[in-house]
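Residue numbers (the working numbering), protein chains in the order written: chain A, 1 to 558; chain B, 559 to 689; chain C, 690 to 998.
Calculated directly from the structure, the hints in this document are not laboratory data. Be aware that a few hints might be false.
Computed list of lysine-lysine pairs in PhoX-like fashion (alpha-carbon distance at most 20 Å, straight line) [as the list claims (entries may be wrong)]: (1) C:Lys701 with B:Lys639; (2) C:Lys758 with C:Lys977; (3) C:Lys940 with A:Lys547; (4) B:Lys678 with A:Lys473; (5) A:Lys547 with C:Lys977; (6) A:Lys32 with A:Lys309; (7) A:Lys190 with A:Lys229; (8) A:Lys461 with B:Lys678; (9) A:Lys4 with A:Lys59; (10) A:Lys469 with B:Lys678; (11) A:Lys461 with A:Lys508; (12) C:Lys731 with C:Lys940; (13) C:Lys947 with C:Lys926; (14) A:Lys59 with A:Lys229; (15) C:Lys754 with C:Lys926; (16) B:Lys678 with B:Lys662; (17) C:Lys723 with C:Lys947; (18) A:Lys547 with C:Lys754; (19) C:Lys761 with C:Lys731; (20) B:Lys639 with B:Lys678; (21) A:Lys309 with A:Lys426.
Just a sample of chain A residues kept apart from chain C, beta carbon distances all over 10 Å, derived [as the list claims (entries may be wrong)]: (22) Lys99; (23) Glu419; (24) Gln553.
The C-beta atom is built at its ideal place from N, Cα and C for all residues, glycine as well.
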Amino acid sequence: MVLKEKLDQIKETYIAYEEKVGESLKKRPERKETFESGSGEIVNRLYTPLNIENFDYEKDLGMPGSFPYTRGVQPNMYRGRLWTMRMYAGFATAEESNKRYKFLIEQGSMGLSVAFDLPTQIGYDSDHPLAEGEVGKVGVAIDSLADMEILFDGIPLDKVSTSMTINAPASVLLAMYIAVAEKQGVTPEKLRGTIQNDILKEYIARGTYIFPTEASMRLITNIFEYCSKEVPQWNTISISGYHIREAGSTAAQEVGFTLADGIAYVEAAINAGLDVDTFAPRLSFFFNAHNDILEEVSKFRAARRLWAKIMKERFNAKKPKSMQLKFHTQTGGSTLTAQQPENNIVRVAIQTLAAVLGGTQSLHTNSKDEALALPTEESVRTALRTQQIVAYESGAADTVDPLAGSYFIEAKTKEIEEEAMEYIRKIDEIGGAPRAIDNGYIQQEIMDAAYNYQRDIENGKRIIVGMNKFQTKEEPPKGLLRVDPIVGELQKKKLKDLRARRDNELIKERLENLRKACEGNDNLMPYILDAVRVYATLGEICGVMRKVFGEYQQSIQL
Amino acid sequence: MDRPIRVLVAKPGLDGHDRGAKVIARALRDAGMEVIYTGLRQTPEQIVSAAIQEDVECIAMSILSGAHNTLLPKVVEILQKEGVDDILVLGGGVIPDEDIPFLKEKGIKEIFTPGTPTSKTIEFIRNNIKR
Amino acid sequence: MDLGARLLNGEKRAVARLITMIENNEKEAVNILKKYYNKTGKAHVIGITGPPGAGKSTLTDKLIKQLRKEGKTIGVIAIDPTSPFTGGSILGDRVRMNELSTDPGVFIRSMGTRGQLGGLSKATQGAVKILDIYGVDYIFIETVGVGQSEVDIAKNADTTLMVMVPGLGDDIQAIKAGIMEIGDVFAINKADRDGAKRTATEIEIMLDFNKTDRRPPVQKVIAIENKGIDELIVHIKEHMNYLKETGQLHKKRIKNSKLEIVDLIQQKMMNMILDRSSKEEIVDKLAKDVALRKLDPYSAGEKILEEIK
Chain A
1 MVLKEKLDQI KETYIAYEEK VGESLKKRPE RKETFESGSG EIVNRLYTPL NIENFDYEKD
61 LGMPGSFPYT RGVQPNMYRG RLWTMRMYAG FATAEESNKR YKFLIEQGSM GLSVAFDLPT
121 QIGYDSDHPL AEGEVGKVGV AIDSLADMEI LFDGIPLDKV STSMTINAPA SVLLAMYIAV
181 AEKQGVTPEK LRGTIQNDIL KEYIARGTYI FPTEASMRLI TNIFEYCSKE VPQWNTISIS
241 GYHIREAGST AAQEVGFTLA DGIAYVEAAI NAGLDVDTFA PRLSFFFNAH NDILEEVSKF
301 RAARRLWAKI MKERFNAKKP KSMQLKFHTQ TGGSTLTAQQ PENNIVRVAI QTLAAVLGGT
361 QSLHTNSKDE ALALPTEESV RTALRTQQIV AYESGAADTV DPLAGSYFIE AKTKEIEEEA
421 MEYIRKIDEI GGAPRAIDNG YIQQEIMDAA YNYQRDIENG KRIIVGMNKF QTKEEPPKGL
481 LRVDPIVGEL QKKKLKDLRA RRDNELIKER LENLRKACEG NDNLMPYILD AVRVYATLGE
541 ICGVMRKVFG EYQQSIQL
Chain B
559 MDRPIRVLVA KPGLDGHDRG AKVIARALRD AGMEVIYTGL RQTPEQIVSA AIQEDVECIA
619 MSILSGAHNT LLPKVVEILQ KEGVDDILVL GGGVIPDEDI PFLKEKGIKE IFTPGTPTSK
679 TIEFIRNNIK R
Chain C
690 MDLGARLLNG EKRAVARLIT MIENNEKEAV NILKKYYNKT GKAHVIGITG PPGAGKSTLT
750 DKLIKQLRKE GKTIGVIAID PTSPFTGGSI LGDRVRMNEL STDPGVFIRS MGTRGQLGGL
810 SKATQGAVKI LDIYGVDYIF IETVGVGQSE VDIAKNADTT LMVMVPGLGD DIQAIKAGIM
870 EIGDVFAINK ADRDGAKRTA TEIEIMLDFN KTDRRPPVQK VIAIENKGID ELIVHIKEHM
930 NYLKETGQLH KKRIKNSKLE IVDLIQQKMM NMILDRSSKE EIVDKLAKDV ALRKLDPYSA
990 GEKILEEIK
């Protein structure tokens, strides 16, 4: 805190400064009337101690590794260990994805991140009519344990950490992972990784939901409970703001809505009888990194501080780990342009810096061609190299939270925290995140922001280099990655063979057990695991649950 | 009377990224059109049925899953089978340039890729619907 | 084949095109309706209204699915407001009824209110007739119960289903005045939520003031879980039986026909006046004089009427 007399003095010089600038503006006006951040917040000409008048180092920041964790969750951050460079990958068949994973490990990737195709994400087998044209397109097609065995062939599951972007059928894919490990002789307590498992943001922004809210929340708390006992090193959820931001939210909305989702999961687990400190340490988060680097760094810091306070004050968490917001970051897919794709490398570099200066635990960097198609091996390599350059050449990783104490950063951190808290309050008033999704409030807020953003681009208020300014005539890009349409047929054939050779009677029995369990109150994980082990398919298992639970219907707010 | 243009905005395929579809729906509304929005995971059959019942003049589809080469032509095919030849069919989303000639040949009149201003789409619809 | 014949032939495209023509006030469609008017009056017309967010579309979806199991055919007219600023609208009710899109026994049509004076009820009534001629057993008209014109439309149905939802707080007070008279059946959706009981009690108390011989039933439902749907359908059908047995259906239809005729006359007159006075120009000019206090509105009105006499 700055002394009062000192502040008064600064106020005087600040007023003098503004007068002086005001004079010169008459002759030479600034580039714009008002300056706005990436999220459309007003940015002042200058920040001084006056903007952080009530700033209290101990209360607002503290030391890294201690409450409220504004400066980071570890005491020495990247001086100990760099963030995990985790490249999201997966396409076509399990065989091809397996090859890509081995390539990435060779290139220095430190953890796997599995992308599944849409039928898998929505719990359909590759031979389902709705899967037509979608098999293997945006990720790998997994129909049964047999595919999962191929996917991780030759990759020791006790050595790697694996992140799986899977939500509605997360329990089934986690069960398959556990079953593959069993076959490798690796016991569940040795497994490290993350499942996304965040259904609320699927309802809000990403769209790969299956079951209605209540059933989905049950599946999620079942996983919390099961993993706390059997798979203790597994991150059971990755509460995601990434897709909320991609859908067009502002930075503050990203924090507010994501933490509101987090609150809903914590409440659901507590209501299911779990003690907060048994599952909270395994909660993790997933954020976006956009181009406005200063706003983004502030966002990450604000999210950490706010979550720590929520866990401590609202949920009475006792363990420090329960209060630490650990997060994965992905650079912003929606910030990439199809025009002049080379420019995207620069955008990704800025975003990488934002994530690192914001203290991320792991990072995926997008490839330059992702506004056009799935990335090629070469562009994935460049994206990974971007992280390595920031890690080893920029110096940004060598001291902890280097932007702390900047008047702008601290003011902005506080502003985002307050705005996010305002959203959480509003959602509490509505009755919690599930209710606020059901009545469309959250979607509507995001949509308003997205529409404003689009209008700003179209009326030239917001400049996107290469897209609405500095355009050049371009040749259409060449050498894009294409998924062979034959993949669908291949996968269908594999399924047919599998159905012919497995023990179908046994499967019937296991699926019936699962059905009964769904109707009762048991934890579903053991039943799903039993079905997976005997090669029941994803579609069959989700089919049983669809029958009992029904399907979610989206709420449209335009 | 100046009657509003009716447009069906649909998302074929399984991807849930509806930001583009929603933005375009709003932009069309603000341009004075009547937009029938059908939500996610629409099959080609559902899209055509809805288009017929709603008697729209344009079907605008947004797809980011990569299944465009399968699903978009199928919509045109079913329209033809139903004997409908007066609906303008458009596509948008992450669609590589090299797929566009194929899609146009299949009867999708125009493809709008990322970064297209909504005003361009609006203008295209106004100039190309059959009236 | 002409449109009318194709309509009788059960072609969905003909239904769709005719509704468009009626919406756009085209003469040819009116002629077809004149020709086949004697084929209307068979469908049970159900108005569904209630506050935004009550889950009307989801409920409609479930009611239809149930009726489809009985082999009934269904038409739906889903009405959403048109933006008064741009004249455009986003009609999103189909989202909740997507599975019905491809059902041959169901026809769903979305309509914008388009804001013309009396135009909406005219278009809706036209669409109901078209669906009736087409031959569906039930016609649902879904409107947001906020504007008077929407409530009017619901009122014109044989049975008006009022959908309520717990937790509206003071909103119910605002709706109160209107719902007493128009609700034939009440549904409390999302009945598993806190406050469902209170909402039910509030409605019951209001109904206590009802002086007619039939007390509207209040049914709790949870539409997304398909709970209470069967019971709700029984109530809807019972209301129709009641209308028939007491002869009220006939009376109600006479009343509605009278309203419709009067409406049509009003519109014709309006058009006539506006035409005679050379397309609104004279009205506009007189309006200017009235606004400037050069003329009073009474004399202005008389002046225009003088012209057509």
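Hint by hint, here is what the structure shows:
{"no.": "1", "hint": "C:Lys701 with B:Lys639", "verdict": "14 Å, holds"}
{"no.": "2", "hint": "C:Lys758 with C:Lys977", "verdict": "60 Å, violated"}
{"no.": "3", "hint": "C:Lys940 with A:Lys547", "verdict": "46 Å, violated"}
{"no.": "4", "hint": "B:Lys678 with A:Lys473", "verdict": "18 Å, holds"}
{"no.": "5", "hint": "A:Lys547 with C:Lys977", "verdict": "66 Å, violated"}
{"no.": "6", "hint": "A:Lys32 with A:Lys309", "verdict": "38 Å, violated"}
{"no.": "7", "hint": "A:Lys190 with A:Lys229", "verdict": "12 Å, holds"}
{"no.": "8", "hint": "A:Lys461 with B:Lys678", "verdict": "18 Å, holds"}
{"no.": "9", "hint": "A:Lys4 with A:Lys59", "verdict": "19 Å, holds"}
{"no.": "10", "hint": "A:Lys469 with B:Lys678", "verdict": "16 Å, holds"}
{"no.": "11", "hint": "A:Lys461 with A:Lys508", "verdict": "61 Å, violated"}
{"no.": "12", "hint": "C:Lys731 with C:Lys940", "verdict": "16 Å, holds"}
{"no.": "13", "hint": "C:Lys947 with C:Lys926", "verdict": "25 Å, violated"}
{"no.": "14", "hint": "A:Lys59 with A:Lys229", "verdict": "35 Å, violated"}
{"no.": "15", "hint": "C:Lys754 with C:Lys926", "verdict": "16 Å, holds"}
{"no.": "16", "hint": "B:Lys678 with B:Lys662", "verdict": "18 Å, holds"}
{"no.": "17", "hint": "C:Lys723 with C:Lys947", "verdict": "16 Å, holds"}
{"no.": "18", "hint": "A:Lys547 with C:Lys754", "verdict": "16 Å, holds"}
{"no.": "19", "hint": "C:Lys761 with C:Lys731", "verdict": "13 Å, holds"}
{"no.": "20", "hint": "B:Lys639 with B:Lys678", "verdict": "30 Å, violated"}
{"no.": "21", "hint": "A:Lys309 with A:Lys426", "verdict": "18 Å, holds"}
{"no.": "22", "hint": "Lys99", "verdict": "39 Å, holds"}
{"no.": "23", "hint": "Glu419", "verdict": "25 Å, holds"}
{"no.": "24", "hint": "Gln553", "verdict": "6 Å, violated"}
In the structure shown, a violation is registered for the earlier hints numbered 2, 3, 5, 6, 11, 13, 14, 20 and 24, in ascending order.
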